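2 protein chains.
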Amino acid sequence: MPNRTVFYVSDGTGITAETFGHSILAQFSAKPRHVRRPFIDSVDKAHKIVTEINAVAAAEGRRPIVFITLARLDVRSILTSDQCKGLVMDLFQAFVEPLEREFGLKSNHRVGRFSDVAKSQEYNDRIEAINFSLAHDDGQSSRNLEAADVILVGVSRSGKTPTSLYLAMQHGIKAANYPLIPEDFERGHLPSSLTPYKHKCFGLTIDAERLAHIRNERRPESKYASIENCRYEVKQAEMLMKRSGIHWLSSTHKSIEEIAATILRDVLSDPTS
Amino acid sequence: MPNRTVFYVSDGTGITAETFGHSILAQFSAKPRHVRRPFIDSVDKAHKIVTEINAVAAAEGRRPIVFITLARLDVRSILTSDQCKGLVMDLFQAFVEPLEREFGLKSNHRVGRFSDVAKSQEYNDRIEAINFSLAHDDGQSSRNLEAADVILVGVSRSGKTPTSLYLAMQHGIKAANYPLIPEDFERGHLPSSLTPYKHKCFGLTIDAERLAHIRNERRPESKYASIENCRYEVKQAEMLMKRSGIHWLSSTHKSIEEIAATILRDVLSDPTS
Numbered sequence: 028m029p030n031r032t033v034f035y036v037s038d039g040t041g042i043t044a045e046t047f048g049h050s051i052l053a054q055f056s057a058k059p060r061h062v063r064r065p066f067i068d069s070v071d072k073a074h075k076i077v078t079e080i081n082a083v084a085a086a087e088g089r090r091p092i093v094f095i096t097l098a099r100l101d102v103r104s105i106l107t108s109d110q111c112k113g114l115v116m117d118l119f120q121a122f123v124e125p126l127e128r129e130f131g132l133k134s135n136h137r138v139g140r141f142s143d144v145a146k147s148q149e150y151n152d153r154i155e156a157i158n159f160s161l162a163h164d165d166g167q168s169s170r171n172l173e174a175a176d177v178i179l180v181g182v183s184r185s186g187k188t189p190t191s192l193y194l195a196m197q198h199g200i201k202a203a204n205y206p207l208i209p210e211d212f213e214r215g216h217l218p219s220s221l222t223p224y225k226h227k228c229f230g231l232t233i234d235a236e237r238l239a240h241i242r243n244e245r246r247p248e249s250k251y252a253s254i255e256n257c258r259y260e261v262k263q264a265e266m267l268m269k270r271s272g273i274h275w276l277s278s279t280h281k282s283i284e285e286i287a288a289t290i291l292r293d294v295l296s297d298p299t300s
Numbered sequence: 028m029p030n031r032t033v034f035y036v037s038d039g040t041g042i043t044a045e046t047f048g049h050s051i052l053a054q055f056s057a058k059p060r061h062v063r064r065p066f067i068d069s070v071d072k073a074h075k076i077v078t079e080i081n082a083v084a085a086a087e088g089r090r091p092i093v094f095i096t097l098a099r100l101d102v103r104s105i106l107t108s109d110q111c112k113g114l115v116m117d118l119f120q121a122f123v124e125p126l127e128r129e130f131g132l133k134s135n136h137r138v139g140r141f142s143d144v145a146k147s148q149e150y151n152d153r154i155e156a157i158n159f160s161l162a163h164d165d166g167q168s169s170r171n172l173e174a175a176d177v178i179l180v181g182v183s184r185s186g187k188t189p190t191s192l193y194l195a196m197q198h199g200i201k202a203a204n205y206p207l208i209p210e211d212f213e214r215g216h217l218p219s220s221l222t223p224y225k226h227k228c229f230g231l232t233i234d235a236e237r238l239a240h241i242r243n244e245r246r247p248e249s250k251y252a253s254i255e256n257c258r259y260e261v262k263q264a265e266m267l268m269k270r271s272g273i274h275w276l277s278s279t280h281k282s283i284e285e286i287a288a289t290i291l292r293d294v295l296s297d298p299t300s
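Those protein sequence lines, which keep their order, are chains A and B. As numbered in this note's numbering, residues 28 to 300 make up the first sequence, in order. As numbered in this note's numbering, residues 28 to 300 make up the second sequence, in order.
Hints are computed from structural coordinates only; laboratory data are not their basis. What you are looking at is a predicted structure, and each value in this text was computed from that prediction instead of being measured. Mixed in with the good hints there might be a few duds.
One copy or any two copies: either way a pair holds, since identical chains are not told apart in the list.
Only pairs whose alpha carbons sit at most 30 angstroms apart, straight line, appear in this in silico DSS-like list of lysine-lysine [stated by the list, open to error]:
#: 1; residue 1: LYS227; residue 2: LYS58
#: 2; residue 1: LYS112; residue 2: LYS72
#: 3; residue 1: LYS75; residue 2: LYS58
#: 4; residue 1: LYS133; residue 2: LYS58
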């Protein structure tokens with residue numbers, strides 16, 4: 028799909044439009060050019076965007092795809108009018124009306140989902156979770172582990188840190204993480220500071236070959252990165268996790284989003300919030 | 028809206044369904060109960076979810092709202108059939124068909140947007156950006172700053188760290204951050220290690236009262252957290268940022284999502300990717 032441009036137009040950050048657009052376009056193996064246009068919250072700005080969309084349409088000879096999340100009706104109507112030469116995907120309209128009927132309520136046309144939640148409890152919890160996860164990254168602190176919602180364990184570079192930060196940022200979950208090291212393998216059990224919290228431990232493992240590749244980028248030619256050492260550590264860590272009876276999975280072919288969704292399901296016993 | 032349950036049902040992580048659902052429900056000031064059901068990728072699992080939805084409908088006497096992102100037609104048809112007593116919001120159907128016509132292509136019904144991208148270049152760039160942002164948090168390292176896409180500056184606790192991590196995680200942007208400290212105010216210019224990179228610096232400021240509140244949670248009764256000191260630091264930092272001619276904004280009433288969207292627009296000169 029060459030020469031196709033996709034616009035994300037929102038009166039807020041545009042995150043919803045973008046998340047949704049990426050998902051839909053993944054159904055087409057499309058690699059279009061993405062143009063993000065957040066904070067379009069006035070009629071003037073809407074007219075400017077339409078001009079930009081029409082210029083792209085003329086230059087490329089194909090309609091741009093335009094995902095919109097616009098709460099204000101006067102702004103929205105400019106994008107959805109015949110003036111606009113894009114193929115407009117109006118995310119709100121398709122779903123707001125059936126919900127208004129279902130709830131027997133009018134929608135409030137509130138602009139920007141993230142805007143008034145900025146200082147909400149939910150938002151503050153997310154920021155606090157990020158700080159917690161940073162302070163408890165890589166076994167830095169065993170203090171206050173009772174406050175953790177989940178404790179990730181695994182060998183160095185198995186994906187613990189990005190997963191912890193993702194859980195905190197996206198879901199407001201306090202995720203500590205703890206490396207499994209040779210001393211743990213010799214003792215044959217989880218670090219003793221984790222023993223009281225075994226029910227909230229979750230293990231990550233990874234293919235030894237993939238691990239060696241990742242570690243070699245950091246410390247080329249080291250024992251740490253050698254395939255023999257990676258095979259040893261991975262095998263020991265998996266034995267230890269099996270013996271401990273904790274949930275665990277391999278991060279080798281999984282994204283942090285998938286690992287996080289699994290942890291939410293298995294450890295944090297959805298339904299949540 | 029009491030006693031209303033919202034399901035997010037997906038064959039992948041459910042992030043798209045959830046992001047979208049939260050956005051739509053924000054239009055109704057709704058505070059429903061959220062139930063996340065990821066990885067629903069077989070007919071058996073689909074039938075189980077329908078049973079669960081119907082049990083909730085019977086117990087609550089109201090239809091649950093069900094946001095679905097299901098690529099497989101056999102799985103999807105179970106959720107959208109009359110058997111299912113929820114109000115089903117089918118995110119793909121409404122938009123995939125117009126796009127198939129526009130592109131002259133059939134969609135590939137690929138399950139899980141994050142699944143096969145896990146080891147893609149884009150994914151690896153995001154993980155690398157997270158590692159970069161962690162290594163360059165709070166001025167920890169001035170090495171390799173030329174590789175930064177953006178460098179956030181501001182007084183301690185003005186929101187630099189969560190914003191850096193968000194930019195890395197969500198957008199794959201290498202965001203370093205650097206604290207502004209009394210020595211910088213005395214010298215009256217940005218830290219000298221940043222001088223060559225002024226074009227990619229972005230400043231964060233914050234109301235002194237809000238800053239004092241945040242700092243007091245960390246170090247109660249300290250000079251660091253006192254309102255006088257916070258007023259001094261904020262005033263000096265704002266003067267310094269103005270004098271330097273860098274872009275900056277106040278994080279006081281903004282979420283990290285909004286700050287990130289502004290940085291993408293102002294510093295990283297969208298269109299991106």
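Here's how the hints hold up against the structure:
For the homomeric pair LYS227 and LYS58, the shortest alpha-carbon distance between copies (28 angstroms) is at most 30 angstroms, but the shortest distance inside one copy (40 angstroms) is not. When the C-alpha separation of LYS112 and LYS72 is checked against a cutoff of 30 angstroms, the pair qualifies only within one copy, where the shortest distance is 16 angstroms, while the shortest distance between copies is 42 angstroms. In this assembly of identical chains, LYS75 and LYS58 lie within 30 angstroms of each other by CA distance solely inside one copy; the values are 25 angstroms within and 36 angstroms between copies. With identical chains, the CA atoms of LYS133 and LYS58 are at most 30 angstroms apart between copies only, with a shortest distance of 15 angstroms across copies and 38 angstroms within one.
In this structure, every one of the numbered hints holds.
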